[in-house]
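A.B. asks: For reference, the chains in residue letters:
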Amino acid sequence: MPHDPLPNLIIMTKTITLTLKVWRQKSKSEKGKFEVYKADNIDTDMSFLEMLDVVNEKLTKEGKEPIAFDHDCREGICGACGAVVNGQPHGPLDATTLCQLHMRNFKTGQTLVIEPWRAKGFPIVRDLVVDRSSFDRIMAAGGFVSVKTGSAPEANSIAVAKKNAELAMDAAQCIGCGACVAACPNASAMLFVGAKVSQLSLLPQGKIESKERVLKMVKKMDEEGFGNCSNEYECEAACPKSISVTNIARMNKEFRQAEVDS
Amino acid sequence: MLDSKIPEGPLKEKWTKHKSKIKLVNPANKRKYHVIVVGTGLAGASAAASLSELGYNVHVFCIQDSPRRAHSIAAQGGINAAKNYPNDGDSIYRLFYDTVKGGDFRSREANVYRLAEVSNCIIDQCVAQGVPFAREYSGYLDNRSFGGAQVSRTFYARGQTGQQLLLGAYSALMKEVGKGAIKLYPRTEMLDLVIADGVARGIITRNLVTGKVERFAADAVVLATGGYGNVFYLSTNAKACNVTASWRAHKKGALFANPCYTQIHPTCIPVHGDYQSKLTLMSESLRNDGRVWVPKKKGDTRQASQIPEDERDYYLERKYPSFGNLVPRDLASRNAKLVCDEGKGVGATGQAVYLDFADAIKRLGADKLKERYENLFEMYERISGVSAYKEPMMIYPAVHYTMGGLWVDYNLMSNLPGLFVIGEANFSDHGANRLGASALMQGLADGYFVLPYTIGDYLAGVKSGQTKTDLPEFAEAEKQVKEKTDRLLSIKGKKTVDEFHRELGKLVWDKCGMARNDAGLKEALKRIPEIRDEFWKNVNVPGSGTDLNQSLERAGRVADFLEFSETLVRDALHRRESCGGHFREEFQTPEGEALRDDNNFCYVGAWQFQGVGNEPTLHKEALNFEEVHLAQRNYK
Amino acid sequence: MCNLNQYFNSSIGKKQIVATTGLLLILFVVGHLAGNLIIYLGPEAFNNYAKKLAGLRPGLYFVEVGLALVFLTHILVTALLIIQNIKARPVGYRVYGDSGERSFATRLMPYTGTFLLIFIIWHLFDFTFIDKHGSRSMLMGHSYGLFGVVYNSFVDPIHSLLYILAMCCLGFHLGHGIESFAQTFGCTNLTSTPLIKRISYYSALIITVAYSSIPVYVFFSYPILK
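Chains as they are written, first to last, in the working numbering: chain P, 2 to 263; chain B, 8 to 643; chain G, 164 to 389.
Simulated from the structure, these hints should not be mistaken for lab results. Possibly wrong hints are sitting among the right ones.
[Claimed, not checked] Coverage of chain B stretches by chain P, computed from C-beta distances (three or more under 8 angstroms per stretch; other residues unrestricted):
1. 139 to 147
2. 173 to 179
3. 279 to 286
4. 542 to 550
We treat Cβ as the ideally placed atom computed from N, Cα and C, and that holds for glycine.
From just these sequences and the hints, can you work out the full model?
C.D. replies: Pasting the structure below:
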């Protein structure tokens, strides 16, 4: 029986050459600067991160330190990756994370300026890697339903209107990548927080503690040093999951009601 | 022979009786017990949250920047439960039976029955957490069908069920972190397990940002560190998935069970270049509405739409009329390989088959399909540049899940007292092959509803607060970790870490992938030590060990894969039968189906480490089937 | 509202204060416009309206002080927000290409706001804090009161243009402001958003055109009156 080796690929592929201007910063405390690299023979079927892999392999062979960038699942769901490419978080393609952005979206000879998310709430760890633990702290402040393991009632004992379930799911798709903050002219985290507040307040299971939740999460969000929402909707445009700013509106309403009623 | 500590009594009563007899820790004392949980996927996050709710003092570690990024998040299709909401005849027994059969009769009956038993509680729990499962217009939960089952028992949240379940578990975890009940250590990698007096006492970690090596002690250590699919380099696993925590525990004495049971997922996007860093899975749920086919003629280069109906071979429907496109994963994968080996594969490489939605679009309309699979179709188009609404998808199998893992008893404790292993990291529930939508079920079952009981049984028997890190064993483990790091950094050879990983991956895929044989496995056994030796002489790890160094992280993991892969291949070589995800070419029926050898191999093969490069010792746990009649799987 | 302090300190609270004061200012702008449009009924009617308004004093002082407070709150709280926003991104991007989601009006908010502030101060000195029967009220040798002042001002094309420019700023400011109010108070959702955007756009347009019509009317009717 024949074996099944990885196919030896002899496929005619298109390649492009790019100039990369990449933000290099050794640590949070050190100053960073842009460095220029050539990316030759980039197959247009590569993903953006595979392109960075290729550059990194070359840098390593030249005895230089590779560009640090966060990434994990490489299928657009874990939310680890992300960089600002020519001024756009996750690059030019709509509703696409950096790992799912393919090089066929670029032209040969192009210069790409690659920067990390820039926000006070996201201090730089190294190169393109930022510290997004502020999001975790916001979640810890109230992004949950306080149900203990084992105390849940039978799942179908509470019906949820399909419309609300769908809206909740729309909001729940957030991958916590932080592109909304990166895109916002004010580095505001309202879309991230609004999505979680919306998801849980739309469902009867989360409605009960929705007031307390919105107050705590907003308070934490403010403490973490994110900016304010000025309704510019750049976040929605940058969001790789196209989460709607109506979730921010819903949070604004929840917040007002919570404050008035409290 | 290993003692699996399966409770006495009839299968259906084992867990209930066991729970009522289990020892309990006094609520006032629980806070005094420290538990370390490594990994924050479904199993880790759910276990940590549940243990903390019970009152234990929990410390949680993950390598990602946030617990929410664990790879459970990428599971698409759904989670099984025996709720029988569609009224189609499902029951706990049927879910149990399907799982045992799907696992090709190589799993532990009692574990599987328990899994099916608690499956319903998982759905209840997740709904209460605010997981937005798909619902019908009535407002009640919707189900869909999945491979290997003839009932609709899969709950789903669009194509992102794993994400939603993980975010639910993560929210429960963060709730406890917010209370100060859990201490969370993100970007921290476990690099060794500390054993003192034969008992798991703690771990050694490296802070991935500062490089600081630290000691953590606890009364129990829980590993929830996932599977080892990345030993193949190309897999659907996330890039950071690794065997390091499990392997280092194994090197400290924990037995590694059934490593050769690796699952190849039938519906992935085919490989397209040698720069490829990972493979992308398309949920198996696509097989509900997609029909798998290849051209009948070899080397047919016509476009799919140009091939008339009677020149297409819907080979799964032809060979397995009653299950059709919904046969279990191993069968779907192997048949794809078979037709491609025959030269009927499609696409530029000939290493792909079609998954066609044209009939489903005709039957249900494109809108219904969009509702079901919108994000999957989008993902496919983003990667391949082709719309599956217009042309059939091209798919090929890829490594996806590993059924093998650290050996655990019925209580999910390894052979080392105090070391518990849950989720994909253990070997327990799926036998030789896992059914779709069962990984999420197992991860959450272990974390929410099994470990919180069984860990209490262990802790009740030990003195609390055994958390001194000044034992000589800690010092020794820490020293070894530091030495290993220094050694990796000092080699400064010519090849990159990824080059070694690719070489190893290709070898293991070629010789120990979808089909294995004696000669190939022996060749792999010869090659692996050679690659490993070269690695330690010629790897180039740039940078230093005192800051964020992703090359160093990868180097450590690849070094472990280079040791682990040998055990994987040895296990595949020793198991002279075909079952589930382990297909030995020498052992097949005349029709090319897997041929089990129940007389000689109806056991769990658990390996004990004997030094790098040395043959490990095999321990066996006999599998006794009391409820299920051993039979050759038949999906025809 | 139990915890005013917490509300004011929160980002959303501040935004809602800006939105509320903004809404009050819009009401004022509409009322003011209604008064202004009386000019089309002729000098007598217009001056009578001005006189009636003046006759409301001292009660009117309270309204004016209130209005000033609303106005100052709107500006000061916005300033606080802007300072926070600048602090939220200490290091800027080398390249910052927005995605086109921000409307022109949105992008102009700080500039239209600042221009309006300057305009309002000028406008007060121009039309409010003056002798309404002084030299600027004289038309053809007679004092025409406030009507005369307005008329004489708008006969000057530069004066009119500045005024119209300010009204355009007002239009842009409201074009984002009205919609923004709805968003900040959570009145938007997937179905209402397009409607609210349209309402916002057209009300801003109507207000701008209506205000700007007065100098245009004056300018073109000048030769007739002369």
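A.B. asks: Evaluate each hint against the coordinates.
C.D. replies: Here is how each hint holds up against the structure:
1. Given as covered by chain P, the stretch 139 to 147 of chain B passes the check, having 9 residues with a CB less than 8 angstroms from a CB of that chain where 3 are the minimum.
2. Proximity of the stretch 173 to 179 of chain B to chain P, defined as three or more residues with a beta carbon under 8 angstroms from a beta carbon of that chain, is established by the 4 residues found.
3. Only residues whose beta carbon comes within less than 8 angstroms of a beta carbon in chain P count, and the stretch 279 to 286 of chain B has 7; three or more means the coverage holds.
4. Only when three residues or more bring their CB closer than 8 angstroms to a CB of chain P does the claim for the stretch 542 to 550 of chain B stand; here the count is 3, and the claim holds.
This entry satisfies every hint, going by the numbered hints stated previously.
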